[in-house]
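Starting from the known structure of chain A, fit chain B onto it as the hints suggest.
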Amino acid sequence: MNSVGEECTDMKRDYDQCFNRWFAEKFLKGAGSGDPCTELFRRYRECVQKAIKDKDIPVDGVDFMGPSKSKTESDGSS
Amino acid sequence: MRIWSSEHVFSHPWDTVIKAAMRKYPNPMNPCVVGVDVVDRNLDSQGRLHSQRLLCTEWGLPSLVRAILGTSRTLTYIKEHSVVDPVEKKMVLCSTNISLTNLVSVDERLVYTPHPENPEQTVLTQEAIITVKGVSLSSYLEGLMASTISSNARKGWDAIEWIIQNSESTVS
Numbered sequence: 001m002n003s004v005g006e007e008c009t010d011m012k013r014d015y016d017q018c019f020n021r022w023f024a025e026k027f028l029k030g031a032g033s034g035d036p037c038t039e040l041f042r043r044y045r046e047c048v049q050k051a052i053k054d055k056d057i058p059v060d061g062v063d064f065m066g067p068s069k070s071k072t073e074s075d076g077s078s
Numbered sequence: 001m002r003i004w005s006s007e008h009v010f011s012h013p014w015d016t017v018i019k020a021a022m023r024k025y026p027n028p029m030n031p032c033v034v035g036v037d038v039v040d041r042n043l044d045s046q047g048r049l050h051s052q053r054l055l056c057t058e059w060g061l062p063s064l065v066r067a068i069l070g071t072s073r074t075l076t077y078i079k080e081h082s083v084v085d086p087v088e089k090k091m092v093l094c095s096t097n098i099s100l101t102n103l104v105s106v107d108e109r110l111v112y113t114p115h116p117e118n119p120e121q122t123v124l125t126q127e128a129i130i131t132v133k134g135v136s137l138s139s140y141l142e143g144l145m146a147s148t149i150s151s152n153a154r155k156g157w158d159a160i161e162w163i164i165q166n167s168e169s170t171v172s
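Protein chains in written order, with UniProt numbering: chain A, 1 to 78; chain B, 1 to 172.
A portion of the hints provided could be inaccurate.
As the list claims (entries may be wrong) - Derived pair list, reagent style DMTMM-like, types lysine to aspartate or glutamate, alpha-carbon separation capped at 25 angstroms:
1) 29(A) <-> 15(B)
2) 55(A) <-> 107(B)
3) 24(B) <-> 35(A)
4) 29(A) <-> 85(B)
5) 89(B) <-> 108(B)
For the record, the hints were derived by calculation from the structure and aren't laboratory data.
The shape of chain A in the complex, shown without the other chains (with noise of 0.2 angstroms):
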């Protein structure tokens, strides 16, 4: 399955696979804190929010099942 930016495609391939596997191993079995794949989510969130940017999709503003939390936290710090 593609990225809807063509150039994330391959760091969404890497992060699935790594969420998957702690989904189904993990997650599911009641051992989910630890989350390993945070650094591969990080590097493919930010190409994708780019890729969100630059083909103008109004991904912000739309508010279902409350409050929409979908802003980057890690917005100002660093």
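Using the frame of chain A, we list chain B on its own:
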């Protein structure tokens, strides 16, 4: 506005179905889903996993409808929020379109829970609310969307089965 709902029982335990649901795309039954991204994901204080995903789909709208809607754009983005509770064994997934919103909104809600009497089975309840806006043929279009959702739901069930059959040798 039209409300569509349905219930489906998978002959697989909840864990198996959820694993498949989380990695549902790509599958041969939903070729219209051309892109999937996770835009945010976190664990809440109760240990539930929240995922915000962005889906890019190619809606197979008939050309007549495209003409009525006055758009040639068939690439539609959908935002999806899912919550997986591994303790309660419940997955809730809500989705809504974020493009073409001035024309139509399709809000879907899916809930996966273990069958109350048989832990080897999983119940999926799903509902969709379809609203076509400002178009004189809106009830016709809502009917059309409802039948599309109906057939997509069936494809979705088949997709989960397909993933379960085809992923046992990969991750597990």
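Results of checking the hints against the structure:
1. At most 25 angstroms may separate the alpha-carbon atoms for a hinted pair to count; residue 29(A) and residue 15(B) meet this at roughly 9 angstroms.
2. Using a Cα cut-off of 25 angstroms, the hinted pair residue 55(A) and residue 107(B) holds, with the two alpha carbons roughly 23 angstroms apart.
3. Restraint check for residue 24(B) and residue 35(A): the C-alpha separation of about 21 angstroms stays at or below 25 angstroms, so the hint holds.
4. Annotation: proposed proximity of residue 29(A) to residue 85(B) holds, straight-line Cα distance about 11 angstroms (limit 25 angstroms).
5. With a C-alpha separation of about 20 angstroms, the suggested pair residue 89(B) and residue 108(B) falls inside the 25 angstroms cut-off, and the hint holds.
Hint compliance for this structure: no hint is broken.
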